[in-house]
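Number of protein chains: 2
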Amino acid sequence: MKRTAFFISDGTGITSEALGHSLLAQFDAIEFEQITLPYIDSVDKANEAVHKINSAAESDQARPLIFDTVVDENIRAIIANSNAFKIDVFSSFLKPLESELGADSNYSVGKSHGIVERTRYKDRIDSVNFAIDNDDGARTKQYANADIILVGVSRCGKTPTCLYMAMQFGIRAANYPLTEEDLEFNKLPSVLEEHRHKLYGLTIDPFQLAAIRHERRPNSRYASLDQCDFEVREVEKLFKKLNISSINTTNFSIEEISTRVMAHAGLERRMN
Amino acid sequence: MKRTAFFISDGTGITSEALGHSLLAQFDAIEFEQITLPYIDSVDKANEAVHKINSAAESDQARPLIFDTVVDENIRAIIANSNAFKIDVFSSFLKPLESELGADSNYSVGKSHGIVERTRYKDRIDSVNFAIDNDDGARTKQYANADIILVGVSRCGKTPTCLYMAMQFGIRAANYPLTEEDLEFNKLPSVLEEHRHKLYGLTIDPFQLAAIRHERRPNSRYASLDQCDFEVREVEKLFKKLNISSINTTNFSIEEISTRVMAHAGLERRMN
Chain W
1 MKRTAFFISD GTGITSEALG HSLLAQFDAI EFEQITLPYI DSVDKANEAV HKINSAAESD
61 QARPLIFDTV VDENIRAIIA NSNAFKIDVF SSFLKPLESE LGADSNYSVG KSHGIVERTR
121 YKDRIDSVNF AIDNDDGART KQYANADIIL VGVSRCGKTP TCLYMAMQFG IRAANYPLTE
181 EDLEFNKLPS VLEEHRHKLY GLTIDPFQLA AIRHERRPNS RYASLDQCDF EVREVEKLFK
241 KLNISSINTT NFSIEEISTR VMAHAGLERR MN
Chain P
1 MKRTAFFISD GTGITSEALG HSLLAQFDAI EFEQITLPYI DSVDKANEAV HKINSAAESD
61 QARPLIFDTV VDENIRAIIA NSNAFKIDVF SSFLKPLESE LGADSNYSVG KSHGIVERTR
121 YKDRIDSVNF AIDNDDGART KQYANADIIL VGVSRCGKTP TCLYMAMQFG IRAANYPLTE
181 EDLEFNKLPS VLEEHRHKLY GLTIDPFQLA AIRHERRPNS RYASLDQCDF EVREVEKLFK
241 KLNISSINTT NFSIEEISTR VMAHAGLERR MN
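Residue numbers (my numbering), protein chains in the order written: chain W, 1 to 272; chain P, 1 to 272.
Fair warning: there could be bad hints in the mix.
Any copy, or any two copies together, can satisfy a pair, since identical chains are not distinguished.
[Said to hold, decoys possible] Computed list of lysine-lysine pairs in DSS-like fashion (alpha-carbon distance at most 27 Å, straight line):
| id | residue 1 | residue 2 |
| --- | --- | --- |
| 1 | 240 | 45 |
| 2 | 52 | 241 |
| 3 | 122 | 52 |
| 4 | 198 | 95 |
| 5 | 198 | 237 |
In case anyone wonders, no lab produced these hints; they're calculated from the structure. Since this is a predicted model, take the numbers as computed values, not measurements.
Kindly generate the complete structure, drawing on both the sequences and the hints.
Encoded structure:
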């Protein structure tokens, strides 16, 4: 049985998507087609959305689900008239919040993206640039400015984790790949020694590492299971010997790796 | 008046953070201290969270707000006993959804991160690698595989936008910086010609561009207002002449730029 779910917003749609996605994940037995309709900020666009919703209702032979974070009341009213089951996030929660806080809410589109958000934007752009500049051990001189330095073997997930922490939380994250040579010496490269308190290790299942490397360089020694097995075993030994905290990335999403690393390393999220 | 808000989750906390953040943004008059408590997945951690909440209640002299997406009922019950005003996302919406769908929900922690999510993970990692490999016009040979190619002057926001589209939606985004020379010729570099249907322009306010460039290379010609003004004027002329759609990034967050570009360019979000 298939149901269509619409995530509708007058902004990016990322909040209603995230909320809807995690609610729908609680229903294993049902197949959902998930459609995001962002920037529904005019009557015309609202009517167009209603048309899409009603078409889905007809072709599914079941009314779609709507996760709605539109603020404007007129637009919400139009969407409410579609043939759908509606989860209205703002009206469910804003009224109780208003009475708890003893204050009126703005009910205004895009209010959260004013001057405060520009500061956050700049922080995040700076952090993304920092992550790119300091990817793969490229510019170790900037390590003094890093909040954290991820270490691990090639292709264990360091780069996307650094970028996610930068993008989502404004964290300055560098990373340094531990090579076969580093591992054979069984000690840290000297450039990392003085930043030891900032180091955090990533490790990975050797089979998965081999599969990832195989795509990059098919049938190479680099991608062989023997090699991956050796590197992972050695890197885990090194983490243990030097008392470097580490996380195994194998069964985690980028969000999970990033937020777990941050929680363990005591890094605060920069939300504002 | 200050209030503390806690975003509490047994997972990454990103959903409750996003939801709480956009709800709180509707209350201008109140200053919120926002604290995320992720991975609250044991009785011990729940008790620790309650302790933090109750301490905040005391020091604020007002009960904190809680945005809770914990699935486990025992843990939710412990948190519910704290001295706080609670927005319980799952219990508000899961019951109505169950009855609409005629199905029970899993109520199980981390269910959304199974095998399906690994595929999505791989897609996203591949896209992030693609964005890095194809940043700043580095490897134009891969443009045939791009979903979109962002063009614009140096430092107008191309790189973070590409990375966000890759990370969040699995889009393969390349970018190419249009230089002073390109602009003086008043035509596209030949390497872009054959991919013209994939091009999307970014532009920016010259004052802001000068400020951003100034941080990178203080007091350079590159960062001068004259130069920024010239480049922005010329690039906008070029977009117009060649009929390349474009967006002005000046007042938008990375999420907004990315999702607007995707909506305009007709790129679908890859959520699964």
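Structure-based check of each hint:
1. In this homomeric assembly, residue 240 and residue 45 come within 27 Å of each other (Cα to Cα) only across copies, at 26 Å, whereas the closest approach inside a single copy is 57 Å.
2. Taking the shortest Cα distances, residue 52 and residue 241 never come within 27 Å of each other, neither inside one copy (59 Å) nor across copies (34 Å).
3. In the homo-oligomer, the alpha carbons of residue 122 and residue 52 never lie at most 27 Å apart, since the shortest distance is 37 Å inside one protomer and 31 Å across protomers.
4. In this assembly of identical chains, residue 198 and residue 95 lie within 27 Å of each other by CA distance neither inside one copy nor across copies; the values are 44 Å within and 45 Å between.
5. For the identical chains of this complex, residue 198 and residue 237 are intra-copy neighbours only, at 19 Å inside a copy versus 47 Å across copies, given an alpha-carbon limit of 27 Å.
This entry does not satisfy hints 2, 3, 4, going by the numbered hints stated previously.
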